[in-house]
Amino acid sequence: MTYLKLKTLCALVFLIPTLLIAQDNTFNNFKTTKASGEAPAIFTTSLNDKVAVKVASNSEISEEYIENYALYSNYALNNLLESGIVLYGDPMTRFVQKVAANLLKNEPKLKEELQFYVIKTNITNALCTDPGAIFITTGLISQIENEAQLAYVIAHEIVHYQEKHLEKSFNKSKESNLDPSSSSSSSSYEDLVLQSKDHEFEADANALKLYHAAGYSDIEINTVFDVLMYSYLTFDEIDIDKSFFGNSKIYIPQSYFPENPNPILASEDYDDSKSSHPNIRKRKDAIAAEIKKYDNWKKNSSFIAIEEFKQVQNIARFESVRGDLLRADYVKALYDIYILENQFPNNEYLQTSKALAWSTISQTIIAGKKRTFLEDIDKKEGAISMLYSFISKLSYEEVALLAIRQTHDIYLKFPESKRIKDIRNETIALLAYLRNFEINKLESISFLDAVSLREESMADTASIDTLDIEGETKYDRIRRIREQQSSKESTAELIDEKFSTFLLYDLVANREFNEIYEKEKEKLKDNSRSSLISKRKRKKQKKEKNKKLEGDIILLTPHLEANKKGEFNLNRTLKFYDLMSKEIKKYAPKGRLQYRGIVLDENFTTEEYNTASLLHSYLIQMANFENREFKNQLIDYEDMHEFLEKYDNPQLVLISGKANKSSIFRNHLFGQAEYIEVSTGKTSSSGYYSVNYKIRQASVGGLVYEIFSKF
Amino acid sequence: MEKLHLSIFACLLFFMSQNIYGQETYFFNQRNLISLHASFNPRLIPMGQNDNFNNSLGAQDVGVGRGTYYQSYDENNKLVYGNQNFNLMFNGSYKRIYNSNRIIGVEFNYQKHNLTMNENATLGYSYIDPFNSNEQVAIPFEISTPLFNVYDIQFLWGSFSDASTSPNKHLLTYGLGVRMFSLDQNQNYRFDANTPYTDLANYMEDYDEMYIYARLSMNYTYRILITKNLSLDLGVNFNIGLYQDMEADGGLPMQSGYYSEENPSDSPAYVRYFVKNKLGHETFYNMIYFRTGFSFAL
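Quick note, the sequences are listed as chains C and H, same order.
The first sequence begins at 1 in my numbering and counts up one residue at a time.
The second sequence begins at 1001 in my numbering and counts up one residue at a time.
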């Protein structure tokens, strides 16, 4: 084999796995990003080992407190890692690592110590943790404009690590605890905040050193602060126009929209006295002075191919849509999709998400839980405020009909997609839940067609001047015709308030549409009939309620917390976890416990981690989901279905427990478990367990016993 | 008694009807509680009366007749005196938990109790013979006082603290039931050092019949968990008898005319109405018992 062939082969071997995990450019089959490849050491090292490493290392913390510090900082890190939102080996993380490598090209020691990861969350942030793990959020990646801006943020976090800011803050807090002169807690808190601000200024300034050395342009720095300031807005700001509803035949009255969007109020010079970070104005001023200290600024805004940045940014933006849906922020999801539609017209993932958003909006509003996602509308800023205002103005019926219109249009675009069809059908079924709704009153003609028809018939029957008035817009015409109608006492008034009855013009005669509606209506009737039930039935229901749960047990990492006199106590918390895992072995039904959540030790596997991550997302959606059963609403639809096939009717078990010791004699330990049947989203919970005992075998065992007594 | 049965039955019915539907949580699903306790009752009020005898009636220093005094014959038929200052009671109970923290159960108690002699029956006391007013009758009250086996059967109901999962640390129960006194027939009952009672009918009227009283109790138990099933219990028991007449009639334990050496069996040394009232009177004061023992929860 020639050298050349060998080289090609090596390149291919390297390329194939990269291609397999990379998103394709069209994002049509977008799936949420998963961790891939070998797990980094921080995932496979147990807490005790991490603490031992820290204790043995050089640090600024006195020997007295080092163990305490190591324990707390690593526990916090482990909590983050166990949340399942941290990514590794994926395109975004690889990109961040490349940028970091560029920054650290002259700092081999730092490069070795630091690790970089991406966190899947819509919050715009970056954080540095003690063992040198730096995290960048997908929210930040979705907002920044180029590689240089990301580089500056990473450089900033690197300085936090370099200057050991966490350790310094810890020392300061210990000092103020010990210092008798600072008797009032508020003054020590203010000290801490001040110190934290000093750290931020220091990080901002020193970040320039790495940033400058790497050869990035100084112009981008100011923009980074703008990104941070406007990070509460969506990743782009575009006006909402008619194209939003994507169907030129439907008529949405302009009166449903406010005249202007709410103004964007973000200010650089906000009051930062209680914040750990100085305000943007101060940071901009400080950095402007620092920038001048360096000369020979280069003009680079990127070193890595721009396409790769764009790709990574798009992944982050698609993640943002997914994040919105997970957290039931449906309006924001619609707006994000609207922005992305420009770049990705007819993208199946986006359109499915859009259908899902409309369907869940309709469900939530009909369920009377509008407030869960339409709160503080006055406080929304920018173009998105139009959308919030619009949806909140719609009546139940209007929402239901508009949602059907939207999902049906999407279905027409993707008639092959079973999922979109299911979502559409569910949205149609929702009509049955509307009170005082008559399907007969739906018009089989679109509003605009009706207007032109009316116009024609008037021209025929009455001698009204229908000549086009010069410069008359469509809406002027509508208004004029309406005036004529009211004077003619027309039967079907073409007024704004009735726009929704014209929305489903093409569906009214559709057999499938009517069948779905009638079927759901029948189902409802049956349900309401059975509300008057006999004693025997009630007994049967009670029996059913106490029925044991069947299927595989999927245990997620329990959430346990132990306090001492109201303050979090880590040693007791760890004892709680320790006892819990021992008792679970004792009381969990044999052979049915199939999955035990993430455990950060040598047995950690990426596959299990991704499962946990998937289930965490599922739970977040569950927690925010306000409606009936979970069926087609699953966000990670395909991944969840794969999961369901792998196990036999999996039941998620989510344990939460808390212990508090308020004095030697007063102990309290309580907890509960939630059971979720993954296939249906049906939840039930264990009995509420609460005992006056300290954390001991019997008290923790009782909780575990109670939890598994349901199986 | 009929009324009592009725009220117990009514109570049972009431508490059973409280069982509503709902998910119930129990500590390790333990719903049955079996307890073995020992209770200790310092007889504080009678103890305070120990020295409170009536000198003017010629009583001697032994504190005859009041407080916790009793007398009996030992193996050598020698009259010995004693004070029963404490009661020691053994309790066994079964309790069932329902409705999260409610308790229903039954309790059995056993203790021994010496009847205190009539407070007027002081040693050397004499009185005028009702059949011959010229003669003083001296009563050398040397008859053994009766010893009783005391059995209680009580229905219990109550609740564990609702602040935490039951069974838990704090248990409050109420008991309603009967206390039965039965003469311990295996004692050395004697008229005096030389005269044993060969026939107990001469000693006590209807000696083989029980004395039955209604009794109400309130119990607080603090449970210290040893293992998940076993607990060490500390408790206080407050109980009162529901008696009507508690005044021993006539001041003497025997019927008039008892003192007939020729035919002592005609009139027993202790008549039923006297014993009944006396028992009622003195155990009325045995109100506070301190308990300890073990409970086993299943």
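No lab work stands behind these hints, which were simulated from the structure alone.
Mixed in with the good hints there might be a few duds.
As the list claims (entries may be wrong) - Here are some, though not all, of the chain H residues that point toward chain C, as calculated from beta-carbon distances under 7 Å:
id	residue
1	F1027
2	Q1030
3	R1031
4	N1032
5	Q1071
6	S1164
7	K1169
8	Y1222
9	I1224
Every value quoted in this text rests on a predicted model; they were computed, and no experiment measured them.
Glycine included, every Cβ here is placed at the ideal spot set by N, Cα and C.
Here's how the hints hold up against the structure:
| no. | hint | verdict |
| --- | --- | --- |
| 1 | F1027 | holds, 5 Å |
| 2 | Q1030 | violated, 9 Å |
| 3 | R1031 | violated, 12 Å |
| 4 | N1032 | violated, 16 Å |
| 5 | Q1071 | violated, 48 Å |
| 6 | S1164 | holds, 4 Å |
| 7 | K1169 | holds, 5 Å |
| 8 | Y1222 | violated, 11 Å |
| 9 | I1224 | violated, 10 Å |
In summary, the structure is inconsistent with hints 2, 3, 4, 5, 8 and 9 from the numbered list given earlier, while agreeing with the others.
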